[in-house]
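Quick mapping for you: the protein sequence lines, in order, are chains A and B.
For the first sequence, UniProt numbering assigns the number 1 to the initial residue and increments by one for each residue that follows.
For the second sequence, UniProt numbering assigns the number 1 to the initial residue and increments by one for each residue that follows.
Hints are computed from structural coordinates only; laboratory data are not their basis.
Idealized CB from N, CA, C, for every residue including glycine.
Where hints are given, some of them may not hold.
Unchecked claim - Coverage of chain B stretches by chain A, computed from C-beta distances (three or more under 8 angstroms per stretch; other residues unrestricted): (1) 39-48; (2) 101-109; (3) 150-164; (4) 225-231.
Said to hold, decoys possible - From chain A, some residues computed to sit far from chain B (all C-beta separations above 12 angstroms): (5) Val20; (6) Asp26; (7) Gly76; (8) His104; (9) Leu126; (10) Gly130; (11) Arg232; (12) Asp239.
As the list claims (entries may be wrong) - Residues from chain A that face chain B, not an exhaustive set, calculated with beta carbons under 7 angstroms: (13) Gly88; (14) Leu91; (15) Tyr94; (16) Leu115; (17) Gly119.
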Amino acid sequence: MTEQSGTIAPRAASTGGTPVVLSLTDAELRRGERVLWSGLDLELRRGEFVAVLGPNGSGKTSLLHAVLGQVPLSAGTLLIDGRPPRRGGDLIGYIPQQRAVAPHTPLRARDLVRLGVDGHRWGLPLGGRGLRRRIDDLLTEVGAHEYADMPLGLLSGGEQQRVRIAQALATDPALLLCDEPLLSLDPHHQHAIVDLLDRRRRTRDTAVLFVTHELNPVLPLVDRVLYLAGGRFRVGTPDEVMTSAVLSDLYGGPVEVVRAHGRYLIAGAPIPHHADPAGGVQS
Amino acid sequence: MSTGIWHQIFNYDDYGQLLALVANSIIAAAVLGVVGGLISTFVMMRDLAFAVHGIAELSFAGAAAALLLGVNVVAGSLAGSILAAAVIGAMGVRVRDRNSAIGVLMPFGLGLGVLFLSLYKGRAANKFGLLTGQIVAVDTPQTAWLIGVSVVVLLALAVVWRPLTFASLDPDVAAARGVPVRALSPVFTLVLGLAVATTIQIVGALLVLALVVTPAAAATRVTASPRLIPLLSVLFAVTSVVGGILIALGSSIPISPYVTTIAFVIYLACRAVGAVRARTGWSRRRATPVAGLVRP
Numbered sequence: 001m002t003e004q005s006g007t008i009a010p011r012a013a014s015t016g017g018t019p020v021v022l023s024l025t026d027a028e029l030r031r032g033e034r035v036l037w038s039g040l041d042l043e044l045r046r047g048e049f050v051a052v053l054g055p056n057g058s059g060k061t062s063l064l065h066a067v068l069g070q071v072p073l074s075a076g077t078l079l080i081d082g083r084p085p086r087r088g089g090d091l092i093g094y095i096p097q098q099r100a101v102a103p104h105t106p107l108r109a110r111d112l113v114r115l116g117v118d119g120h121r122w123g124l125p126l127g128g129r130g131l132r133r134r135i136d137d138l139l140t141e142v143g144a145h146e147y148a149d150m151p152l153g154l155l156s157g158g159e160q161q162r163v164r165i166a167q168a169l170a171t172d173p174a175l176l177l178c179d180e181p182l183l184s185l186d187p188h189h190q191h192a193i194v195d196l197l198d199r200r201r202r203t204r205d206t207a208v209l210f211v212t213h214e215l216n217p218v219l220p221l222v223d224r225v226l227y228l229a230g231g232r233f234r235v236g237t238p239d240e241v242m243t244s245a246v247l248s249d250l251y252g253g254p255v256e257v258v259r260a261h262g263r264y265l266i267a268g269a270p271i272p273h274h275a276d277p278a279g280g281v282q283s
Numbered sequence: 001m002s003t004g005i006w007h008q009i010f011n012y013d014d015y016g017q018l019l020a021l022v023a024n025s026i027i028a029a030a031v032l033g034v035v036g037g038l039i040s041t042f043v044m045m046r047d048l049a050f051a052v053h054g055i056a057e058l059s060f061a062g063a064a065a066a067l068l069l070g071v072n073v074v075a076g077s078l079a080g081s082i083l084a085a086a087v088i089g090a091m092g093v094r095v096r097d098r099n100s101a102i103g104v105l106m107p108f109g110l111g112l113g114v115l116f117l118s119l120y121k122g123r124a125a126n127k128f129g130l131l132t133g134q135i136v137a138v139d140t141p142q143t144a145w146l147i148g149v150s151v152v153v154l155l156a157l158a159v160v161w162r163p164l165t166f167a168s169l170d171p172d173v174a175a176a177r178g179v180p181v182r183a184l185s186p187v188f189t190l191v192l193g194l195a196v197a198t199t200i201q202i203v204g205a206l207l208v209l210a211l212v213v214t215p216a217a218a219a220t221r222v223t224a225s226p227r228l229i230p231l232l233s234v235l236f237a238v239t240s241v242v243g244g245i246l247i248a249l250g251s252s253i254p255i256s257p258y259v260t261t262i263a264f265v266i267y268l269a270c271r272a273v274g275a276v277r278a279r280t281g282w283s284r285r286r287a288t289p290v291a292g293l294v295r296p
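So that you can see chain A by itself, here it is in the shape it has in the complex (with noise of 0.2 angstroms):
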């Protein structure tokens, strides 16, 4: 990362005032036998930037799944904007880990950004003059206008990710869920990516819970780190997270975390959680 937090940089999560969209208190989450984090105390604030770390299997995409109440926390409780989680909430928007788009898949750019609109509703798709300038403003937001007919197969994987935002925006939500939305980008894609959520966060006030297996990239808007390791966690600013001493206690071995050019370099975790973007599958 070139530039320096001049340019982007975290908003100071202001601790009263700015109201709260997600909270968890003391919360814990199993599969089966295994606890994939308990304990867990977080206060998402509106315009707030969180990242979720960890290595796979650590519980982000079930943090993200229990946020969407898809998946019942097994203590403790979790409230967005002071409600229980329900599902198709329209406070919520979700951007899912990158899955691959059959070429012939009958869908347009366009398309899928309308499904985020009306596609839950019963009933056939009519729609009318409006919905088709609601969905030209979300695709003009996020700079894919060019490309709205084209069919989503053929859009390159940055492109895609641009139209996943409109899609995810399409109810104006007041949290954004983001799943290594980064994930098999290169560097330039990469960082119009994170532009585009960065401006949305200041302009429209959107907290952001970003899961990611690369820290560095968004490290100028990261405002708090949510470490996940070993069923444990620790919630911080990135430099009082990202330490040889704190990782190293959450892995429960050596850690060596060294901060150089405004970016974190880690050595020796028993997992390459830092590794370059197509290492490793989710769970």
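Got chain A; can you put chain B on it based on the hints?
The following block gives chain B in isolation, referenced to the frame of chain A:
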């Protein structure tokens, strides 16, 4: 010499009279074309072509059993289809599980069907028709059945259209948006079962794919628009099945070769158009709104 064979195969001397005789069949075929065209768009989205084949074989077994027992063939066919849909729905959501389940089910269904047919002492044309299609067998009470079931299928599709599209193409986000992704899967398999059971009556168990897979497979080659695909798909299916009947009328050959050939030719044409379009149209992006450029 060759004209002799041609005359044996094609004989349009009494075409007008024949047409009047099979008016019901043509109406039923057109309705089935609409059903097949629409359902095939979801079969493509959900990658269920193999399931269609599996359902068709059990549906055939059901129809053969009905023929043997002397009860309503459409009802037998429906029973077989629903059974197959239930088994496939229960066997697994994952493609790999599902496909092996279907692979096991299919020969069993076909074997049962052959058993029932060999026990059946009635008209041979009835037996053959179940496998390769027929038009004469569609008499008025059967037509009413076919149209009735087709209306049920069309209504069901109209209700679930949007969430089913969402769940089929983008299941993760659909689930996040509250679409009952899991519940929709058996619902669709059931609707598909009904559609297959009715289609078999016209084109036969072996060739159902020509009406329930080929039309949308062709349409997705030329467009990605979710509005155009079902329209084209219906157009292709109706053309195949009604066209097939109209040609088959003056012919001694069963209807299915005509239906499948028309469907196949349409598919080839769409592939060709798609290939050309991929090289020129689709790769050329819509220009950014600059002066002088007309946008659609």
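Taking the hints in turn, this is what the structure says about them:
no., hint, verdict
1, 39-48, "holds (count 3)"
2, 101-109, "violated (count 0)"
3, 150-164, "holds (count 6)"
4, 225-231, "holds (count 4)"
5, Val20, "holds (21 angstroms)"
6, Asp26, "holds (25 angstroms)"
7, Gly76, "holds (21 angstroms)"
8, His104, "violated (5 angstroms)"
9, Leu126, "violated (10 angstroms)"
10, Gly130, "holds (17 angstroms)"
11, Arg232, "holds (27 angstroms)"
12, Asp239, "holds (33 angstroms)"
13, Gly88, "holds (2 angstroms)"
14, Leu91, "violated (12 angstroms)"
15, Tyr94, "holds (4 angstroms)"
16, Leu115, "holds (5 angstroms)"
17, Gly119, "holds (4 angstroms)"
The structure fails to meet hints 2, 8, 9, 14 from the earlier list, while all remaining hints are met.
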